[in-house]
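Q: So you can see what is in the structure, the chains are spelled out below.
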Amino acid sequence: MTTLSIDHVSRWFGNVVAVNDITMTIGPGVTGLLGPNGAGKSTLINMMGGFLAPSTGTVTLDGQPVWRNEQIYRHIGVVPEREAMYDFLTGREFVLANAELHGLGEKEARRALATVEMEYAQDRKIATYSKGMRQRVKMASALVHDPSLLLLDEPFNGMDPRQRMQLMELLRRMGDEGRTVLFSSHILEEVEQLAWHIEVIVAGRHAASGDFRRIRRLMTDRPHRYLVRSSDDRALAAALIADPSTSGIEVDHAEGALRVQAVDFARFTALLPRVAKAHGIRLLTVSPSDESLESVFSYLVAA
Amino acid sequence: MYNPTVARLTYRALLGRRRALILGALPMLLLLIATAVRALTGADDQIAADVLGGFALATMVPIIGVIAGTGAIGPEIDDGSVVYLLSKPVKRPTVIFTKLIVAIAVTMAFSAVPTLIAGLILNGNGQQIAVAYTVAALVASIAYAAMFLLLGTVTRHAVVFGLVYALVWEALFGSLVAGARTLSVQQWSLAVAHRVAGGDLVTSDVGLTTATVLLVVVTVLATWYAGQRLRSLTLAGEE
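Here the protein sequences come in this chain order: A and B. Reading the first sequence from the start, the letters are residues 1 to 303 in UniProt numbering. Reading the second sequence from the start, the letters are residues 1 to 239 in UniProt numbering.
Bound-form chain A, shown alone:
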């Protein structure tokens, strides 16, 4: 059992607050750290990995401080976001060097390369690797000492769908084995597919925490805005406002459309076509007007 505790952690750079008073506990299994770009995910992961001192608060792994404690790396495997990784070495040399730095050797390096299925290219220089191959060799270097905590910063960035699936499978397996796996991503679907537990970070704040169903519900239960065009906007507006799933309607003359605010996502999406059909109204356009990830996240922060 490995538990990473983040206790009232803040980090600022000059006047900019990158991480603002975050408290969370990461236990065994796969946890996704979700948030838009620039939310402070990398800053938080760097503090979790002991590469950045918190301005206030503490990060501990099973009670041991992470900052300025080299021995903690016996238990932590790190997959950084940055690409640079001794390009002049071959994949095998790189993973072996990582093993040796842990006091291990050939056997462990071979096993790690096998785990990420990179034996076929292990004798090529890293400089010749594709993004996905680099990512896998980075994984191998992080797994070489069989760590109980695995930290991955945006591991799926730039991977093609097949590589993404392979890595997800691998991380899922790590989680099933009882390891504590934490990865960051700005893509909800990615996190939802893989994580048992999700922590949401927006603008440096801890916006939400829970299993993906809860987060999904939070995200879908928020008021949704739609732009609707139909053969008879006013008749449709009158019919929709009669139902409690709709909380507001505006007739937008400039757009020649209705702006509808729905509070109950599921009920509204079922209601709209039914109402239109019942009143003999043709729907010409139905488009969500605030589905961008940022708006979803900012709703979560406000909630």
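Just so you know, the hints here were simulated from the structure itself, not pulled from any lab data. Any given hint could be a false lead.
[What the hints assert, rightly or not] Below, a list of computed lysine-lysine pairs in the DSBU-like style, where the Cα atoms sit at most 35 Å apart: (1) 107/A / 91/B; (2) 131/A / 91/B; (3) 131/A / 107/A; (4) 125/A / 107/A; (5) 91/B / 277/A.
[To be verified] Covered by chain A, per the in silico footprint, the following chain B stretches (three or more residues, Cβ under 8 Å): (6) 3-10; (7) 26-36; (8) 51-63; (9) 225-235.
[Said to hold, decoys possible] Looking from chain B toward chain A, a few residues come up when the C-beta cut is under 8 Å (computed): (10) 13; (11) 16; (12) 85; (13) 86.
Each residue gets a CB set at the ideal place from its N, CA and C atoms; glycine is no exception.
The hints should help you fit chain B onto chain A, whose structure is shown.
A: What follows is chain B alone, placed relative to chain A:
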């Protein structure tokens, strides 16, 4: 204190094709000059001392020191690959000490060895001049490597600052301001060389005791502080 894996990675990075070419260029130039001077003027102790003191020790050794010292750690910190060293149960001062040994070895190999050969070409080690300047280059290699390794952990512009120190401080200020010469690795190493050569072909503005103390203090302090810097090295995200 010495980690062979860290050493191997550092050697491979330092002696990569491009950097090795840069490291090799100045020694080649020194040997060319030595050969040309010998061919044109014959063996002359004063000229040998001038070439070794003016070019080898004053210019070549510090520049090689800058390339090897900053190159032993700067690029890794710059591109972030140092994270693979830092995320290991290896003491940070061990990483620094190992890199220092490598930087010293590389600086010595690319500066002291060619200095000796150039000296032998110039006057066949007459009056011990070749050996004296070789000893100076060896001693200076240690202090330069330590100073520039520290610089590599402190700033992203280590090469620029290193060259400014080597060329502006040691060469220019040193020749204009007497005080600056007391605080010059070159002068300290010359004090040691003077002891080896005797006579007055190799001279220094600094006494041997002062020079030795300053060499040791600078090397030890720079190495210690570089270790501390690495202990609190912060890897900022790309955000």
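Q: Please go over all the hints and tell whether each is borne out by the structure.
A: Status of each hint after checking the structure:
1. 107/A / 91/B: 24 Å, holds
2. 131/A / 91/B: 31 Å, holds
3. 131/A / 107/A: 26 Å, holds
4. 125/A / 107/A: Roughly 20 Å separates the two Cα atoms, so the pair holds.
5. 91/B / 277/A: At roughly 72 Å apart (the allowed maximum being 35 Å), residue 277/A and residue 91/B break the hint.
6. 3-10: holds (count 6)
7. 26-36: violated (count 0)
8. 51-63: With 0 residues in contact (Cβ-Cβ under 8 Å with chain A), the coverage given for the region 51-63 of chain B is violated.
9. 225-235: Since 5 is at least three, the answer is holds.
10. 13: Constraint on residue 13/B satisfied, holds at 7 Å.
11. 16: Residue 16/B check passes; min Cβ-Cβ to chain A is 6 Å, inside 8 Å.
12. 85: 7 Å, holds
13. 86: 7 Å, holds
In summary, the numbered hints that this structure violates are 5, 7, 8.
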